[in-house]
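Novice: For reference, the chains in residue letters:
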Amino acid sequence: MKLTLKVWRQANATAKGEIKTYPLDGVSPDMSFLEMLDLLNEQLVTQGEEPVAFDHDCREGICGMCSLMINGQAHGPEVTTTCQLHMRSFNDGDTITIEPWRADPFPVIKDLVVDRSAFDRIIQSGGYISANTGSAPEANSVPAPRDKAMRAFNVATCIGCGACVAACPNGSASLFLGAKITHLGELPQGQPERWSRVVDMVTQHDAEGFGGCTNIGECTAACPKEIPLDVISQLNKDLRTAMKHGL
Amino acid sequence: MAVTGLIFIGYVLAHMYGNLKVFAGQEAFDTYAHHLRTFGEPMLPYEGLLWIMRVVLLLSVIGHAYAAFTLWARASKARSQKYVVKKAVAATLSSKMMRWGGVALLLFVVFHLLHLTTRTITPGGDQESPYERMIVSFQPERWYIAVIYLLAMAALAMHLRHGVWSACQTLGFTNSARARVRANTAAIFLAVVIAGGFALVPLSILFGIVE
Amino acid sequence: MATTLHDGLTPLNVAPEQKSDDAAGYYSLGDKLVDPVAPTGPIAQRWTTRKFENRLVNPANRRKLDIIIVGTGLAGGAAAATLGEAGYNVKSFCYQDSPRRAHSIAAQGGINAAKNYKEDGDSTFRLFYDTVKGGDYRARENNVYRLAEESANIIDQCVAQGVPFAREYGGLLDNRSFGGVQVSRTFYARGQTGQQLLIGAYQAMERQVAAGTVEQFTRHEMLELIIVDGKARGIVTRDMVTGAIDTHLADVVVLASGGYGNVFYLSTNAMGSNVTAAWRAHRKGAYMANPCYTQIHPTCIPVTGSHQSKLTLMSESLRNDGRIWVPKNVEDCEKDPRQIPEADRDYFLERIYPSFGNLVPRDIASRAAKYMCDEGRGVGPQVAEVGPDGEERMVRRGVYLDFADAIERLGKHGVEEKYDNLLDMYARITGENPYETPMRIYPAVHYVMGGLWVDYHLQSNIEGLFVAGEANFSDHGANRLGASALMQGLADGYFVLPNTIRDYLADGPFEKVAENHPDVVAARAAVEERVNKFLAIQGTRSVESYHKELGSIMWEYCGMERTEDGLKLAISKIRDLRADFWTNVKVLGASDNLNQDLEKAGRVADFLELGELMCIDALNRRESCGGHFRGESQTEDGEALRHDDEFAYVAAWEWGGDSNDGGEPVLHKEDLIYTAIEMKQRSYK
Ligand SMILES: Cc1cc2nc3c(=O)[nH]c(=O)nc-3n(C[C@H](O)[C@H](O)[C@H](O)COP(=O)(O)OP(=O)(O)OC[C@H]3O[C@@H](n4cnc5c(N)ncnc54)[C@H](O)[C@@H]3O)c2cc1C
Ligand code: HEM
Ligand code: HEM
Ligand code: SF4
Ligand code: F3S
Ligand code: FES
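Residue numbers (numbering that gives the first Met the number 0), protein chains in the order written: chain A, 0 to 246; chain B, 0 to 210; chain C, 0 to 684.
The hints are simulated quantities; they were obtained by calculation from the structure and are not laboratory data.
Do not take every clue at face value.
Residues of chain A clear of chain C, computed beta-carbon distances all greater than 10 Å [said to hold, decoys possible]: (1) Asp24; (2) Gly71; (3) Pro76; (4) Asp93; (5) Thr202; (6) Gly208; (7) Leu238; (8) His244.
Dumping the calculated SDA-like pairs for lysine to any residue here, alpha-carbon to alpha-carbon at most 25 Å [as the list claims (entries may be wrong)]: (9) C/Lys283 / C/Asp657; (10) C/Lys132 / C/Leu358; (11) A/Lys5 / C/Gln307; (12) C/Lys327 / C/Phe355; (13) C/Lys532 / A/Glu41; (14) B/Lys95 / B/Leu149; (15) B/Lys81 / A/Ala12; (16) C/Lys599 / A/Thr45; (17) B/Lys81 / A/Glu17.
Looking from chain B toward chain A, a few residues come up when the C-beta cut is under 8 Å (computed) [unchecked claim]: (18) Arg73; (19) Lys76; (20) Val84; (21) Lys85; (22) Asn174; (23) Ser175; (24) Ala176; (25) Arg179.
In this text, a Cβ means the ideal position worked out from N, Cα and C, and glycines have one as well.
If we strip away everything but chain A, and leave its shape as in the complex, we get:
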């Protein structure tokens, strides 16, 4: 396959970036999208041009490190991560525009690499269950209803990639936030801190500069783990209950 790539190049956080166009030949449909970029980089190095920086690590769709806005869609046209997107989803002769996640709380570091540490800070603000090592009761002493445990699991699969933010027209991280609130809120172990958790996490989310949710639904469509929109409803519900509790 032969492609035309339009790639966002930006030397560092403060530099002004621009789209650069690169032709690329010899792309195999079996390549993953990132392997296609490896090929581009190999070509750039040969030509003496600095390779394109992009984030990735596990390359199997689980670490959440890869990103990329591909033709205006977070993680590209399939419901998966960029590392699991394959070139067979494109056609010979296609032009592909590749941009970094765009959100002010995710500043660009270089080329396609952005800083997502805002997510860590949101977790720090309350995205955990306080259970000191060694203080845990016997695991089966607290049964968790299976359906609730299943729902908790389904949303705990969030990989923290940030595609939801990248896709949301408001730059909101509500899906990420809702996934964690729902995960911990559905489990018996998560109850004691449930109300303070939601208030603290929402406060941190807003302080990071993420936008508010107006229920557009782009986030869930872009989410590689198919986190459903009802986590945002759950988030709102828990927030409302928390306010009732006077938090």
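Assemble chains B and C with the ligands onto chain A, guided by the hints.
Specialist: Here is chains B and C with the ligands on its own, set in the frame of chain A:
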């Protein structure tokens, strides 16, 4: 946002119901308009309920618009650098039009008040009876008035389509896939019924069904 | 086979005596090594006693003690959370943009624990026994027993943190049997166990970041260990965003930097997984133990071409229902598998190992698949590879894993329920529908049992340098039982380190080291010099191409099957490649900002040294054990043959300088003496 939105929905539902009295004839309609003003007398002064309602509505508009603009501002701050290419996959047309639709509605309400409440704009001459004001305004020779109203109703339909669903989500009523489907169905239903119900009045006058 | 219980009071074997010396000329022999803190007494009491004996650190003093932890995987993340809670000053480092992305996240199958919830005869002792046996009697019994003991606590801890393990309808935890073990002791969270466990540890750690006890340094790569007065006192890191080279000083350094399977280029490891942290410590004197012990996982998605950058594991659980076969006739290999009649299919595992069938251990299943492909009966696309003779050839590397029978038995829906996300993942990667055509699988490098040598306290031979998780060598011997690496990482991080490190820190706080101490300045200067060197070479070949070439050498000669000649050839090839690398590598860009090629150059440079040591270790160990098959050591019918009398020892290698400059590694042997388990040859026929 959701609370003020729901107040609006309640209001437009009632208002639509009242407007449909047009089909029951001038008397019914005017009695209704009169009733609105004398409701609760003598506990409430003349137009008491109406004023309470007006105050609530005005506060709601202010609150609603304030919240809308805050969200808008936060969103633009959250993404100051735009994408070169951005595709919307799941967003409905209605959801994308919320802000402009809201502004359009605001403009419409202002126009609408000048027209039918304060009688500052008087197409076809001022009339004492509210019924007559409407009949006169929507005559075919003043088709443009009807068009303004109908366009506004289209905006209303869209605003409600997304607004009802969005309010359910914001209030935390949609915690499962089934509940989500239900909320979306309700949103479409209300949008069609309310906007459709309103639209019947100018349409039927325009086409001479009500004279 | 009946298992006899031994109390741990008398040795059951004698010290090994090596007769062969295949690696003569490549190494020199050093002193024997003993674990200075190995406990004795009844096996079941050793850890409890040790926890009691180890000294405590006064809570008021903990705040004055600084701990550096490199790595935020299960081992490092759990350790940071626990030591932070205890009140120490922790600095945590990882190369990813968030601690949550450590490669532990990729583990699919599950985690073992001797909870005996199923009342199927499991116990601490049985888990201990299975793990030692699974490791082919090359693990230290002290460590393994402790691991089995702590396993139950891990599950309690994780559940309390909100890890959503699979549950039964009654709301209690579910278990499955995994990796051919006869009891159900594996806890799991669908196919994402590692992810859920890691998120638990990550959240616990972030809680400590908020509490101010843990300071987190992401996108920071450790490039050097700082040793002052013989003690590990800090590290040198490069900030991968700004390029700043910084020193971080502390009272103790913990390495939990994961495995080095990426020396093979293609592996199931993450792209950034590296040996640098461990290797830098090795070059500073820490022993590298059993570096050649690599686990090859039988069920990975085969390579499709030279563009391939990594391999993806398909959980081993697939072997419970899928049947593995290749065509009987070479001519059929290109055919649509559905057109090949039953009579022309060779279900080779069921044929060779009738009692275990498709569930034979990982190494046996892997090797059998390799032999089928070597015979020319592999399936899938032809890929180019360099053969043992050094010539390039085209081979099909793949065997079928067929679910047709399972679909017939369980229905498509049944299979979907059980394996849904795995089959989906396969379909996404290959573009083939596994419900219609059989899947293709091939073995891939998955885990390394080798790592830095540590004693019972997880302290390396360098004082103050502790090593946890996959980065150490300790608990798996020559092969790892499925679902036990997660167990080890968490046991090390939550329960072992916090209880052993305090004994070391009880002597602290140590005198502060000044930033301008000559040893600190020198370590930092060495890093700067190295970084500048990479950028100055300005050669013609990309870093990536060196890595690929090293990988293909390692896979061919130091992979599933090894021979004396092959290993010697490999060593000379690696030496040439390394010499070429240092004169001809091309790294563009600058060092003062994000430069992924520069990062990679450092990692590949270390792999080029490690690869050679792995080959030397493999060459020396003229026996087949665990995942390590030596062509020269097999039974008459081609099965692995161990030599306990010669090789029941841990090979701990000391850095002796670059061989291209005339250096050679020094071998220290730690004899393995069992007191609780008798060594037995394994048989799966
Ligand atoms: C695909 C796959 C599936 C697996 N499935 C299972 C399973 O089902 N059951 C099981 O028990 N085991 C499984 N394993 C094995 C198990 O996951 C790993 O052995 C284990 O998670 C390793 O944990 P760790 O904490 O030692 O290291 P890792 O999780 O690899 O973490 C390494 C950490 O070190 C950091 N680091 C590394 N080098 C540096 C440096 N130079 N500077 C700074 N930081 C550095 C990294 O950033 C990272 O945070 C699987 C492994 C893989 C690859
Ligand atoms: C003053 C003019 C108006 C403006 C600027 C405006 C704007 C908006 C905006 C931006 C939203 C947020 C979108 C969202 O939450 O999804 C919204 C929501 C909503 N609007 Fe309006 N609107 C206006 C008038 C109205 C009117 C007249 C009605 C009813 C007839 C209405 C009903 C709603 C409802 C129900 C919602 C959903 C609330 C929620 O999401 O929680 N709005 N509006
Ligand atoms: C075709 C559609 C509509 C028609 C025919 C209509 C008709 C009328 C009439 C006749 C009145 C005057 C009643 C009186 O003074 O007694 C009125 C008042 C009013 N209408 Fe409408 N209306 C329509 C749509 C709307 C919509 C969509 C809104 C709001 C979103 C709205 C908001 C109002 C308000 C706020 C008043 C003033 C009530 C008051 O305070 O006196 N109308 N309308
Ligand atoms: S919710 Fe989905 S899109 Fe958002 S961070 Fe999690 S996995 Fe990524
Ligand atoms: S797209 Fe954005 S507006 Fe809400 S529903 Fe998703 S966060
Ligand atoms: S690289 Fe890990 S999810 Fe894509």
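Novice: Indicate, hint by hint, whether the structure satisfies it.
Specialist: Verification of the hints:
For A/Asp24, the condition that its CB be more than 10 Å from all CB atoms of chain C holds, with the nearest at approximately 13 Å. The non-interface label for A/Gly71 is consistent with chain C: the shortest C-beta to C-beta separation is roughly 21 Å, beyond 10 Å. Remark: the non-interface label on A/Pro76 is consistent with the geometry, its nearest Cβ contact in chain C lying 13 Å away (cut-off 10 Å). No beta-carbon of chain C is positioned within 10 Å of the beta-carbon of A/Asp93; the least distance is around 17 Å.
For A/Thr202, the condition that its CB be more than 10 Å from all CB atoms of chain C holds, with the nearest at approximately 13 Å. No beta-carbon of chain C comes within 10 Å of the beta-carbon of A/Gly208; the shortest separation is about 18 Å. Under the 10 Å C-beta cut-off, the non-interface status given to A/Leu238 relative to chain C holds; the minimum distance is some 19 Å. Against chain C, the non-interface label of A/His244 holds: every CB pair exceeds 10 Å, the least being about 21 Å.
Under the criterion of a C-alpha separation no larger than 25 Å, the hint pairing C/Lys283 with C/Asp657 is consistent with the structure, at around 13 Å. Straight-line distance between C-alpha atoms of C/Lys132 and C/Leu358 comes to about 16 Å, which keeps the hinted pair within the 25 Å bound. For the hint pairing A/Lys5 with C/Gln307, the CA-to-CA distance comes to about 23 Å; that is within 25 Å, so the pair holds. For the proposed pair C/Lys327 and C/Phe355, the alpha carbon gap of about 21 Å is at most 25 Å, so the pair holds.
The suggested pairing of C/Lys532 with A/Glu41 holds, with an alpha-carbon distance near 21 Å, which does not exceed 25 Å. The hinted pair formed by B/Lys95 and B/Leu149 meets the criterion: a straight-line CA distance of about 20 Å does not exceed 25 Å. Restraint check for B/Lys81 and A/Ala12: the C-alpha separation of about 16 Å stays at or below 25 Å, so the hint holds. As the CA atoms of C/Lys599 and A/Thr45 are separated by approximately 17 Å, the hinted pair is consistent with the 25 Å bound.
This hinted pair checks out: B/Lys81 and A/Glu17 have alpha carbons roughly 12 Å apart, not beyond 25 Å. Proximity of B/Arg73 to chain A holds as hinted, the smallest CB-CB distance being about 5 Å (cut-off 8 Å). For B/Lys76, the suggested interface contact is upheld, since its CB lies about 6 Å from the closest CB of chain A, less than 8 Å. At its closest, the beta carbon of B/Val84 sits 4 Å from a beta carbon of chain A; the interface hint therefore holds under the 8 Å criterion.
Proximity of B/Lys85 to chain A holds as hinted, the smallest CB-CB distance being about 4 Å (cut-off 8 Å). Nearest Cβ of chain A to the Cβ of B/Asn174: about 5 Å, under the 8 Å cut. The hint holds. Using the Cβ-Cβ criterion of 8 Å, the hint placing B/Ser175 at the interface with chain A is satisfied: the shortest such distance is roughly 6 Å. Hint on B/Ala176 holds. Least Cβ distance to chain A is approximately 6 Å, under the 8 Å limit.
Hint on B/Arg179 holds. Least Cβ distance to chain A is approximately 6 Å, under the 8 Å limit.
Going through the hint list in order, the structure satisfies each hint without exception.
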